Every structure is written in structure tokens, then in C-alpha cells.
Amino acid sequence: MPDQLLFAIEVTLNGLMAGVLYALVALGFVLIFKASGIFNYAQGVMALFAALTLVGIMDGQVPFEHLINAVFGTDIHGFGWEVPALLAILLTMVVMIAFAWAVNWIVLRHLVGQEPIILFMATIGLAYFLEGLGDMMWGADIKTLDVGLPQGINTTIDEATFNMFGYGFFIDNLDITATIIAAVLVAVLVAFSQYTKQGRALRAVADDHQAALSVGISLNFIWVLTWSIAGFVALVAGIMWGAKSGVQFSLSLIALKALPVLMLGGFTSIPGAIVGGLIIGVGEKLFEFLVGPLVGGATENWFAYVLALIFLVFRPQGLFGERIIERV
Amino acid sequence: MKDTAESYVTEDGRTIGEVILDLRGITLRFGGVEAIKNISFDIRKGEIRAIIGPNGAGKSSMLNVISGFYNPQEGEVWFRGERRPPMKPYQVARAGVARTFQNIALFEGMTVLDNIMTGRLNDMSAGLLAQAIWKGKAEREEIENRERAERIIDFLEIQHIRKTPVGRLPYGLKKRVELARALVAEPDLLLLDEPMAGMNVEEKEDMSRYILDVNDELGTTIALIEHDMGVVMDLSDRVVVMDYGRKIGDGTPDEVRGNQEVIDAYLGVAHD
Chain A
211 MPDQLLFAIE
221 VTLNGLMAGV
231 LYALVALGFV
241 LIFKASGIFN
251 YAQGVMALFA
261 ALTLVGIMDG
271 QVPFEHLINA
281 VFGTDIHGFG
291 WEVPALLAIL
301 LTMVVMIAFA
311 WAVNWIVLRH
321 LVGQEPIILF
331 MATIGLAYFL
341 EGLGDMMWGA
351 DIKTLDVGLP
361 QGINTTIDEA
371 TFNMFGYGFF
381 IDNLDITATI
391 IAAVLVAVLV
401 AFSQYTKQGR
411 ALRAVADDHQ
421 AALSVGISLN
431 FIWVLTWSIA
441 GFVALVAGIM
451 WGAKSGVQFS
461 LSLIALKALP
471 VLMLGGFTSI
481 PGAIVGGLII
491 GVGEKLFEFL
501 VGPLVGGATE
511 NWFAYVLALI
521 FLVFRPQGLF
531 GERIIERV
Chain B
170 MKDTAESYVT
180 EDGRTIGEVI
190 LDLRGITLRF
200 GGVEAIKNIS
210 FDIRKGEIRA
220 IIGPNGAGKS
230 SMLNVISGFY
240 NPQEGEVWFR
250 GERRPPMKPY
260 QVARAGVART
270 FQNIALFEGM
280 TVLDNIMTGR
290 LNDMSAGLLA
300 QAIWKGKAER
310 EEIENRERAE
320 RIIDFLEIQH
330 IRKTPVGRLP
340 YGLKKRVELA
350 RALVAEPDLL
360 LLDEPMAGMN
370 VEEKEDMSRY
380 ILDVNDELGT
390 TIALIEHDMG
400 VVMDLSDRVV
410 VMDYGRKIGD
420 GTPDEVRGNQ
430 EVIDAYLGVA
440 HD
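In order, the protein sequence lines correspond to chains A and B. Following the working numbering, the numbering of the first sequence begins with 211 at its first residue and continues without gaps. Following the working numbering, the numbering of the second sequence begins with 170 at its first residue and continues without gaps.
None of these hints come from the bench; they were simulated from the model. What you are looking at is a predicted structure, and each value in this text was computed from that prediction instead of being measured. Be a bit skeptical, because a hint or two may be false.
[Said to hold, decoys possible] Under the rule of at most 25 Å between Cα atoms (straight-line distance), these lysine to aspartate or glutamate pairs were calculated in the DMTMM-like manner:
| id | chain 1 | residue 1 | chain 2 | residue 2 |
| --- | --- | --- | --- | --- |
| 1 | B | Lys257 | A | Asp418 |
| 2 | B | Lys373 | B | Glu326 |
| 3 | B | Lys332 | A | Asp418 |
| 4 | B | Lys257 | A | Asp356 |
| 5 | A | Lys454 | A | Asp356 |
| 6 | B | Lys332 | B | Glu308 |
| 7 | A | Lys244 | B | Glu326 |
| 8 | B | Lys343 | A | Asp418 |
Could you put the whole structure together from the sequences, leaning on the hints where they help?
Printed below as a string of C-alpha cells:
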């Protein structure tokens, strides 16, 4: 096999796995948008906040350490213990559920029936609030996140491909793990929404609020539930991205990468978020590999957005989105 | 008309039970507009109660008060002998009041069966974990709810569209699916907001027959809003007539038909 083709296959595989991570973030957007029609700008910051909280709990940090020290003149530096990863993930989930509950009771409850743009503005405010809260609770320094996921080159694949083609593929174990976890997560979400009563209620609310109320579904409960699930998805995304590139502010910017994914896949479709993520992941890696050298590289910064623009022209509702039909 | 709490038997041999819903002095305002002005009436167990009146009379508002979509500024709602505090629509639904909507509110993306199954959500109590592993209580509940749903599907003769997404159905069938979803909850009180609006004569006759069958065979208490006077007179045991937010008549179809104020409202005599 020619070297160029082998490289392309390797790039495609890596692109697929990068796409999984985009899809994870996009998934959080879709869940909330479907259930409440809110475009949650804070989804990326939620991933950052979840990762910060996870690191903070694992390292035994005292929340609001700086603030407490400044106000009371104390000199606290952590609890002095370390929490095992699994327990810390559970505790972080509790924090994310509390956050979902607080968002609904303090903000969204008062905005029921408002224009979508107002709800969108509210989530922008929420994003910046949460960013500041994260810094205040856990400090603004860059942290490393290690929950014990396997990292580094997968030697089995490397050797197998080397023996077959005379060229070993570089596939990161972390990417493989992320793909498996994402697949399990999506399977669980689909099973939940199809086969449980809460899932049925969730689909009902996503479809029609008034009808959902008339069969006895509490919208507030469902919204807290969706924000909690979105918080869980954000936590998973935060763990993956955090393990890959450290927990820092730039993590919240992956939300911006989820935008073209959503335009491709459609704002209301879970399969759309996944397929859209994969297309963007593979597309930008392959484009960089094939066209990048001709135009001086760095195409990964803009490729996704240009692709999304082209999609908007020809299929504004996305690949899987509901068709927009205006009756006259 | 009887005022007592006891049940009685009508001239054509129908047994009408005790008062199940009692509205006392309901006033509903939107800003400065009074949509409902000090209206009182009751609904008895087992009867078909119609609310009629010209457009804008406040009929739908009245239904929305009963189902908790609006909370009145004044007045009391007594349900099953207890005064009801202000409630959210989902709480009213859980308390045993099901409804349909004038403009149909169905889950368009779901199948007919899934739509109807949402009507049973409140009768499922198995925990998330039990549902996840699909054992014991969760399985029994699901099977039982499915059976109830199938009974209603047979009853309303919509077997052939069970697996069809609701969005693809014609208008008349959507109305019937909405009725099925309300019925499957086995409500103490069923509210129908213009169940025959926009239907042709044949569809209206079908719907009338279903409403009568529901009332007769399932014993469901029904309150309905309808424009077609002929239909109302045939179907209902008692009629409330509204005009400009006021109650101008209340009684059996015959009593209401002879009421001068009602005739004026329908024929359009100038108001002073």
C-alpha cells in the first residue's frame, strides 16, 4: 500500500476519535435544546467547571480557599487528603445535579415563556458566572487531570499495523477509551429515553409542552433532569478533554467547536450530534493533511466553520434536523 | 334541576351521581379584561356537561380554570368534596382530570401507541433501577399499562394506526388519538375542548358516538365545549350557557333552549 494512503487512513482514524469528543459536547447542547428550546451557551463552561470540580475534589482542595483565607485571615491549604477517582466523579455529579437544580430554580423558572433570544442571553450570563465561580472555588491555575485512564500510544495496534503494512499507526489509548466511553454513554442515553418512564416523559416535553402538562408531567422536574444529564455529559467531556490537554480556561472554548457540529447534525438530533462530530473530526484532520501543506497549514482553526457555512446554504436544518416548513 | 348532593335518575333513565366538581363564584381577569365574571356551576358524576356560548364567551378560559392552566383571581374550585388550592396543570392532571385541546396538543414525533402510553405515566411508580433491569414491578407495570392502552385503542377503533407517528395522521384521527390519551389515564373528569371542531358531518357523528360510548360504557364524567348546537343538545345531560364572560343559562337542553336570554345571545340581540 502506498505510504500516502496509509497516512490518510491513520489521519482518518484519529479524526474519528477527535470527532467523538466534539460529539460529546454537541450532545449536551442537543439534550437541553430538545427539552426546553434553550440554546445553552454555558455547555462548554459546564464541561470546564465539571473538570475543575473533579480535580479539586480529587486533590482535596477546599472550595473558595482564597476567599476564606482573605476574609478570615486563615491559612488553609487543602484538606490534606486525596479522594479516589471514582468517588470524586460521583461527588462531582452531585455538584452538577445541584447546579442543574439551582439554574432552574434561580434563573429559568422565572423566564418560562420568554423569547428564545432572552433565554439565550441568560445562558451567556450563566456561562460567565460559572467561569468566575469555577475560578473562585478552585483557583485559576492550570491543572492536570489523571483519573487513571490509559494514555500514550497503543502498542498492539502499532505492532499489528507495522507487521501488516510495514508502517505502525499511532493511535492514542486515551482516544480509544474516549470512543468506548462515548459509545456506552450514548447507548445508555438512548435506552433511558426509549425504555424508562422518565425517558418517555422527557421525549414528551421535548415534543409539546402543553400536551406534556395535560398528562401530568412536571416541566420543572424534566428541566432539572435534562440539565443534570447535560451536566453529566459535560463531566464526561471535561474528563476526556481535561486528560488530553489539561484543565484550563481554553477547555470552555471547545463549546465553539460544537457549533459547526450542531449546524451539520441539526440542533434537535442526537444521532445528528454524533455523525456531525465525526464528520467535523475526520474532515478537519483529512483537510489539514491533504490541503494544509498547500495553503500553509492551520486549517483546523477554520475548516469546521466553513464546512458548516456550506451546509447552511444547502441544508439549513442540518443532516438530521427537523425540516422547517412554513405554511402560508 | 336538582340542587342536592345525592344522585338522581333522569327522565330517560340515566343515573346521575353526586357533585364531583363545584365552581363557586369564579372570576378570571387578564389585566383589565374580565374573561369570566363570577360564574358558579357544578359537574356531577357520570353526566355529560356541555359549556356553550358564542365566540369569546369565555368557554375555553373556563375549561382552563378547571384544568389548572389558569388560576382564577376570585372564587373557589371544589373537587371531590374538597376545596382545591391553586394548582399547576400537571398537578390537576395527577389528581384525576384529563383533557384535550381545541388545537390538538399531541406528541407529533411519537407513535400513536407511545402518545397514549404517556397518559399512563402517573400510574408508574417503579424506580429507575428497576426499570433499567426490567424486572419485577417495572415489568408488571409496563405490561398492565400496555393492556389498558390496548383496551382504549380497541375501544376507539384505532388499532390500524398504532405504530404510525402522529404527525402523519389526518385531523380527525388526531382528535381521536388525543381522546384516547386522555381516556387511558382513567380520569374522574374528562374535559373536551371542542372535540368536533373542524370535522365534517360524518366525523362529527363518529365522535359523538365515541363520546356517548365512553360515558356509557366506561362511566367517565365528561365536560365539553362545543359550537354545534344540534350535537350539544343530543349529547349532554345539562348545559351551561356563557356570553361575554357571564353565565346566562344553566339546565337541561330543553330548559336552556327555551331561555330567552340564550336565544338572544345566539341570535345576536344588541346588548345595552
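Hints versus structure:
Taken as a hint, the lysine 257 of chain B and aspartate 418 of chain A pair is honoured in the structure, with Cα atoms around 17 Å apart against an allowance of 25 Å. In summary, the hint linking lysine 373 of chain B to glutamate 326 of chain B is supported, as the alpha carbons are separated by about 15 Å, within the 25 Å threshold. Taking the CA atoms of lysine 332 of chain B and aspartate 418 of chain A, the gap is near 19 Å; set against the 25 Å cutoff, the hint holds. Restraint check for lysine 257 of chain B and aspartate 356 of chain A: the C-alpha separation of about 46 Å exceeds 25 Å, so the hint is violated.
Between lysine 454 of chain A and aspartate 356 of chain A, the direct Cα distance comes to roughly 9 Å. Compliance with the 25 Å bound is thereby established for this hinted pair. Straight-line distance between C-alpha atoms of lysine 332 of chain B and glutamate 308 of chain B comes to about 21 Å, which keeps the hinted pair within the 25 Å bound. At roughly 32 Å between alpha-carbon atoms, lysine 244 of chain A and glutamate 326 of chain B are farther apart than 25 Å, so this suggested pair is violated. The hinted pair formed by lysine 343 of chain B and aspartate 418 of chain A meets the criterion: a straight-line CA distance of about 14 Å does not exceed 25 Å.
The structure fails to meet hints 4 and 7 from the earlier list, while all remaining hints are met.
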